[in-house]
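**Student:** Each residue of the sequence shown is one higher than the one before, starting from 139 at the first, in my numbering.
Don't read these hints as lab results, they were simulated from the structure. Keep in mind that this is a model prediction, so the values were computed, not measured. Just so it is clear, CB atoms sit at the ideal spot from N, CA and C, and this is done for glycine as well. Not one of these hints is a red herring.
Have a look at the derived ranges for each label pair, beta carbon to beta carbon: (1) 220 / 155: 11 to 21 Å; (2) 154 / 202: 36 to 46 Å; (3) 175 / 262: 31 to 41 Å; (4) 241 / 160: 17 to 27 Å; (5) 239 / 159: 13 to 23 Å; (6) 186 / 231: 12 to 22 Å.
Here are the simulated PhoX-like cross-link-like pairs (lysine-lysine), alpha carbons at most 25 Å apart as the crow flies: (7) 211 / 198; (8) 170 / 149; (9) 199 / 217; (10) 160 / 251; (11) 198 / 217; (12) 251 / 149; (13) 258 / 160; (14) 217 / 160; (15) 179 / 251; (16) 160 / 149; (17) 149 / 179; (18) 160 / 198; (19) 211 / 199; (20) 179 / 160; (21) 149 / 171; (22) 149 / 258; (23) 170 / 160; (24) 149 / 217; (25) 160 / 171; (26) 258 / 217.
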Amino acid sequence: GIGIITGLYWKEPDDPEFANDKAILEYLAFMKKYLPQADTKDLNYLYGYSNAMTVVEVLKKSGDNLTRENVMKQAAALKDFTVPTLLPGINVSTAPDDFFPIERMQTARWDGKRWVRFGKVLGR
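Required output: the full structure, derived from the provided sequences and hints.
**Tutor:** This is how it looks when you write it as structure tokens:
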């Protein structure tokens, strides 16, 4: 599939563009320490790592009031929370009537070796 187009929202750990990216370097160090046998090209690990950052933010916002009601209230009130492993211009936002946290993405084309992003970040 050279030329196939997709939408991306996170930085790919094996993309040379992010070889010196602080968030990716921290992710790779975390993986080396806690899951040394894991394939860091498997984006399921990055997905879980990134989601954990959002959970930590929700818990911080919840403070000492860790009731289900308050945690859910905080989870439904994220506004442009920056997850460092997401692409620039893509943040996490939620609302009481909108629990879909990521509503933006970057188009990319497969060049045979990697996804090459193009155009503007799309979405709201």
